[in-house]
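Taken in order, these protein sequences are the chains called F and Z.
Here the numbering used here is used: position 275 in the first sequence is 275, and no number is missing along the way.
Here the numbering used here is used: position 24 in the second sequence is 24, and no number is missing along the way.
Because the hints were derived from the structure by calculation, they are not lab data.
Just so you know, not all the hints are guaranteed correct.
No copy is singled out in the list; a pair is fine if it fits within one copy or between any two copies.
Said to hold, decoys possible - In silico SDA-like pairs for lysine to any residue, Cα to Cα no more than 25 Å straight-line:
1) K37 / D177
2) K104 / G210
3) K54 / A26
4) K137 / E200
5) K233 / S289
6) K237 / D177
7) K137 / R85
8) K54 / G79
9) K225 / D8
10) K233 / V331
Number of protein chains: 2
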Amino acid sequence: MAKKTKGDFTIGIDLGGTKILAAVVAEDGSVIGSAKKRTQSEDGPDAVLKRIIKTSQEAVDAAGVTLQDITAIGMGAPGVIDMARGVVVSGTNMPGWVNVDVNKALRVWNNVPVWLSNDVRVATFGEQATGIGKGVKNFIAVFVGTGIGGGIVTNGQIYSGSRGSAGEIGHVVIMADGPYAVGGGVRGSVEALASRAAIERDLRMAMAAGRDTILPQLVPDINAKFTSSILAKAVDKGDALTIQVLQRAAYYLGLHAASLINALDPEMLIYGGGVFEALGEWMLAPVRSVARQYALNKTNLDQVRIVESKLGASAGIIGAGLMARYGSLTVPAPV
Amino acid sequence: MAKKTKGDFTIGIDLGGTKILAAVVAEDGSVIGSAKKRTQSEDGPDAVLKRIIKTSQEAVDAAGVTLQDITAIGMGAPGVIDMARGVVVSGTNMPGWVNVDVNKALRVWNNVPVWLSNDVRVATFGEQATGIGKGVKNFIAVFVGTGIGGGIVTNGQIYSGSRGSAGEIGHVVIMADGPYAVGGGVRGSVEALASRAAIERDLRMAMAAGRDTILPQLVPDINAKFTSSILAKAVDKGDALTIQVLQRAAYYLGLHAASLINALDPEMLIYGGGVFEALGEWMLAPVRSVARQYALNKTNLDQVRIVESKLGASAGIIGAGLMARYGSLTVPAPV
Chain F
1 MAKKTKGDFT IGIDLGGTKI LAAVVAEDGS VIGSAKKRTQ SEDGPDAVLK
51 RIIKTSQEAV DAAGVTLQDI TAIGMGAPGV IDMARGVVVS GTNMPGWVNV
101 DVNKALRVWN NVPVWLSNDV RVATFGEQAT GIGKGVKNFI AVFVGTGIGG
151 GIVTNGQIYS GSRGSAGEIG HVVIMADGPY AVGGGVRGSV EALASRAAIE
201 RDLRMAMAAG RDTILPQLVP DINAKFTSSI LAKAVDKGDA LTIQVLQRAA
251 YYLGLHAASL INALDPEMLI YGGGVFEALG EWMLAPVRSV ARQYALNKTN
301 LDQVRIVESK LGASAGIIGA GLMARYGSLT VPAPV
Chain Z
1 MAKKTKGDFT IGIDLGGTKI LAAVVAEDGS VIGSAKKRTQ SEDGPDAVLK
51 RIIKTSQEAV DAAGVTLQDI TAIGMGAPGV IDMARGVVVS GTNMPGWVNV
101 DVNKALRVWN NVPVWLSNDV RVATFGEQAT GIGKGVKNFI AVFVGTGIGG
151 GIVTNGQIYS GSRGSAGEIG HVVIMADGPY AVGGGVRGSV EALASRAAIE
201 RDLRMAMAAG RDTILPQLVP DINAKFTSSI LAKAVDKGDA LTIQVLQRAA
251 YYLGLHAASL INALDPEMLI YGGGVFEALG EWMLAPVRSV ARQYALNKTN
301 LDQVRIVESK LGASAGIIGA GLMARYGSLT VPAPV
């Protein structure tokens with residue numbers, strides 16, 4: 001591609017428990033070049049920070065630009081973040097990530113401003129800045145992967161609550177006395193019932209009880225993770241057990257959607273994350289129908305759009321890149 | 001009391017399904033005089049509007065002022081409200097209240113500006129303007145009476161959502177496949193499990209199943225409503241069944257509180273309504289303890305204050321009176 005003048009690009013990084021995504025992001029939110037590595041979080045923060053830098057450098061190379069063309073770096077990370085200092089206070093499912101100074105580590109590599117925030121909030125911002133949530137004043141993004149996270153946008157702003165931890169909508173109880181969440185979390189919460197981890201738990205319990213399924217034929221070995229794409233394959237092949245468990249998860253997500261609509265009256269609910277990237281409308285249709293059944297005000301519900309994420313797996317890198325460009329999680333007013 | 005100069009007072013009206021409260025409210029939110037009547041909503045909107053005016057006139061008389069001293073009238077009513085036109089679009093548990101023009105009816109009586117909003121939102125505003133929520137930027141008020149309603153304050157403003165119906169936090173599902181709500185509403189919602197109506201339903205079901213209780217001795221006849229004060233009497237007398245059912249309701253309210261804290265990260269949860277006016281800290285202590293157990297982030301939870309309403313049954317009239325004074329549900333910035 002044609003070389004632009006210095007100062008046109010930012011780097012957006014999406015740090016996840018299983019993979020690191022990095023991209024060079026242009027002013028309009030388009031991805032110029034990207035790279036991906038496994039996180040291997042078991043190696044600890046120092047090794048992961050090195051891999052983050054390596055992935056970012058590969059994204060810069062893939063974009064055909066140099067570090068001189070990068071004006072700022074943004075990163076979304078799972079857990080509690082001190083945005084002002086650029087520090088991961090406490091990483092979720094990231095061994096050793098306690099008070100990890102991301103700002104410092106990245107500045108040693110490339111001394112430009114670094115912006116750090118919570119991963120799902122950054123992905124929500126991506127959808128708001130350039131995705132399906134663009135121009136929508138009140139919406140909620142629900143990301144269903146191994147866990148369930150989300151972001152709440154009220155009056156055009158990401159709502160962060162009184163201590164910066166608003167949006168933990170995966171930890172809303174929808175079944176009193178329900179199952180415990182896989183890997184901690186809140187008992188009976190939507191995460192404990194409808195996340196990929198919960199779906200996998202339910203499938204394995206059914207298998208242990210002797211239920212028939214083709215899932216063992218779809219994984220390299222029976223202990224391998226039932227990823228969202230494996231679940232989608234099983235659905236494609238008409239596997240009754242997988243279909244049943246996923247439809248049940250969609251039902252729980254529908255109850256959760258109705259609760260969010262009743263309490264917060266959004267214009268739009270956006271569904272993303274691995275489960276929706278793999279299953280899309282097949283999963284979303286029952287969510288929509290259950291939400292409609294349980295919403296208080298049917299007239300209102302007809303006006304709530306329940307839609308898939310537009311940016312998909314790129315919401316995080318694009319959100320991070322634009323957060324770095326704007327220097328905040330606020331979409332600037334049009335000029 | 002000494003007569004003030006013209007223009008110092010507003011009237012605040014709290015229209016409920018069972019009673020009408022009206023008060024003359026001073027600039028600082030204090031109640032100068034008040035009156036109360038049964039709603040008798042079965043008589044239809046015209047009769048109720050007449051009773052609202054009669055109650056208001058009695059409040060004016062009780063305050064020792066005249067209609068010339070009233071600059072504006074505010075009213076909170078249950079249901080969907082068109083605030084701009086001062087119309088009850090659809091009243092909750094109010095037969096015939098469809099597109100009832102409150103503004104017009106009150107102006108015929110006393111031609112001053114009329115402000116109408118949703119009852120629980122007005123009560124939340126009362127707590128924000130002059131109650132326990134004063135100066136608190138992010139809080140949620142939960143009113144537990146025959147139903148459960150609430151108000152959400154974010155960044156110092158009552159949050160009304162995209163179509164003005166935010167805050168229906170009673171209609172959040174906390175038990176998938178749970179019981180239906182008494183009088184409609186959402187199945188498995190906290191209202192269906194922990195409202196006074198749900199508590200009465202559970203008590204009557206237990207009685208029908210032969211459980212022992214002193215409740216029949218506390219009501220004039222067995223078909224009379226188990227009011228919150230009768231429930232409090234039964235608790236005082238150590239009635240095991242009532243205590244058990246109320247503690248269970250408190251447990252559900254605690255799950256609901258944890259969900260609100262996890263999703264919205266407020267500084268404070270305020271509990272009001274008949275059930276808390278009658279039972280107070282006895283009911284609130286288990287809510288607090290369950291909320292703590294189910295909240296995601298214990299450190300955060302230690303900072304969330306879970307408290308009783310300060311204004312109690314007066315939150316609605318004071319909120320309505322101040323809404324009329326300010327001409328909105330916004331507390332003016334200090335001068």
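Checked hints:
no.	hint	verdict
1	K37 / D177	neither (39 Å within a copy, 42 Å between copies)
2	K104 / G210	neither (52 Å within a copy, 69 Å between copies)
3	K54 / A26	within (20 Å within a copy, 66 Å between copies)
4	K137 / E200	neither (35 Å within a copy, 41 Å between copies)
5	K233 / S289	within (24 Å within a copy, 44 Å between copies)
6	K237 / D177	neither (34 Å within a copy, 30 Å between copies)
7	K137 / R85	between (29 Å within a copy, 24 Å between copies)
8	K54 / G79	within (22 Å within a copy, 57 Å between copies)
9	K225 / D8	neither (40 Å within a copy, 70 Å between copies)
10	K233 / V331	neither (38 Å within a copy, 55 Å between copies)
The earlier numbered hints that this structure contradicts are 1, 2, 4, 6, 9 and 10.
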